[in-house]
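Start counting the sequence shown at 1; every next residue gets the next number (full-length UniProt numbering).
Please note that the accuracy of each hint is not assured.
[Unchecked claim] The calculated label-pair distances, taken between Cβ atoms and stated as ranges, are: (1) 67 <-> 118: 30 to 38 Å; (2) 43 <-> 135: 15 to 23 Å; (3) 134 <-> 41: 29 to 37 Å.
[What the hints assert, rightly or not] Straight line, CA to CA, 20 Å or less: simulated SDA-like cross-link-like pairs of lysine to any residue: (4) 2 <-> 113; (5) 101 <-> 89; (6) 125 <-> 75; (7) 101 <-> 40; (8) 125 <-> 135; (9) 101 <-> 118; (10) 101 <-> 119; (11) 2 <-> 101; (12) 125 <-> 40; (13) 125 <-> 60; (14) 2 <-> 105; (15) 101 <-> 135; (16) 2 <-> 74; (17) 125 <-> 113; (18) 125 <-> 67; (19) 2 <-> 58; (20) 101 <-> 67; (21) 125 <-> 68; (22) 2 <-> 119; (23) 101 <-> 75; (24) 2 <-> 118; (25) 2 <-> 128; (26) 101 <-> 68; (27) 125 <-> 136.
The set of hints was computed from the structure by calculation and includes no laboratory data. Here the structure is a predicted model, which is why all the values come from computation and not from measurement. From the three backbone atoms N, C-alpha and C, an ideal C-beta is built for every residue, glycine too.
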Amino acid sequence: MKPVHVLLVREADMQMSSSGCCGRIEGDASRWSDQGCVFPQRRRIMEEMGTLYRAIRDRFGDRVRVDAVDPRNLFSYTALMWQAGRRAGLSPVRLGRNWMKGFTSTAVLVDGSPVAAGSVPETEKVIRAIQARLSEEPVA
1 MKPVHVLLVR EADMQMSSSG CCGRIEGDAS RWSDQGCVFP QRRRIMEEMG TLYRAIRDRF
61 GDRVRVDAVD PRNLFSYTAL MWQAGRRAGL SPVRLGRNWM KGFTSTAVLV DGSPVAAGSV
121 PETEKVIRAI QARLSEEPVA
């Protein structure tokens with residue numbers, strides 16, 4: 001049985017520092033100050049996604065493959081999402097719709113289908129989506 005694929009879409013801070021106009025998604029340069037971190041909201045999202053990642057790995061182990069991708073890495077996002085969705089039997093039209101839903105600064109997709117977009121979901125919501133996919137998988 002192939003593992004269920006979970007794609008965590010979130011910005012990577014290493015791509016935000018020293019980045020030009022294309023490196024920022026929502027105009028972060030307007031919030032720059034001398035008071036410290038320019039990206040506290042992004043850091044919080046990264047930490048929440050890290051907690052979600054660990055919960056998934058602890059719960060499911062090798063039955064789940066988890067990838068994290070920055071939404072600005074369009075090629076990786078598209079390839080990972082497309083491969084997982086095709087393996088799950090999604091049609092190209094459905095994949096296109098799911099691609100648009102998941103193409104945001106924060107999203108979680110399970111086998112190419114969005115569980116959440118625009119915010120980090122509750123861990124249990126993702127766990128339920130993974131369990132549903134695992135129960136659909138034929139046992140070899």
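*Are the Cα atoms of residue 101 and residue 89 separated by 20 Å or less?*
holds, 18 Å
*Below or equal to 20 Å on CA atoms is what counts here, so check residue 101 against residue 75.*
Holds. Residue 101 to residue 75 sits at ~16 Å (cutoff 20 Å).
_Straight-line alpha-carbon gap residue 2 to residue 118, limit 20 Å_ = Answer violated: residue 2 to residue 118 is near 28 Å, above 20 Å.
*Holds or violated: residue 2 to residue 74, with C-alpha atoms at most 20 Å apart*: Distance of about 25 Å is beyond 20 Å: violated.
*Hey, residue 101 versus residue 118, does the alpha-carbon distance stay inside 20 Å?*
Cα-Cα ~9 Å, so holds.
*Kindly confirm whether 30 to 38 Å is satisfied by the beta carbon distance between residue 67 and residue 118.*
violated, 19 Å
_With the threshold set at 20 Å, check whether the alpha-carbon distance from residue 101 to residue 119 stays at or below it._
With Cα atoms ~12 Å apart, residue 101 and residue 119 stay inside 20 Å; holds.
*Regarding residue 134 and residue 41, is the given constraint of 29 to 37 Å on their beta-carbon distance met?*
Holds: the Cβ-Cβ distance is about 33 Å, inside 29 to 37 Å.
*asked:* Between the alpha carbons of residue 2 and residue 105, is the straight-line distance 20 Å or under?
replied: Given that 20 Å is the threshold and the Cα spacing comes to 28 Å, the pair is violated.
*Is the Cα-Cα distance between residue 125 and residue 75 20 Å or less?*
violated, 27 Å
*Taking only the CA atoms, is the gap from residue 101 to residue 135 under or equal to 20 Å?*
Given pair residue 101, residue 135 is violated - Cα atoms ~24 Å apart, limit 20 Å.
*Pairwise hint evaluation, residue 68 against residue 101, where the allowed Cα distance is 20 Å at most*: With a Cα-Cα distance of about 16 Å, the restraint between residue 101 and residue 68 holds, given a limit of 20 Å.
Violated hints, in rising order: 1, 2, 6, 7, 11, 12, 14, 15, 16, 22, 24; the structure is consistent with all others.
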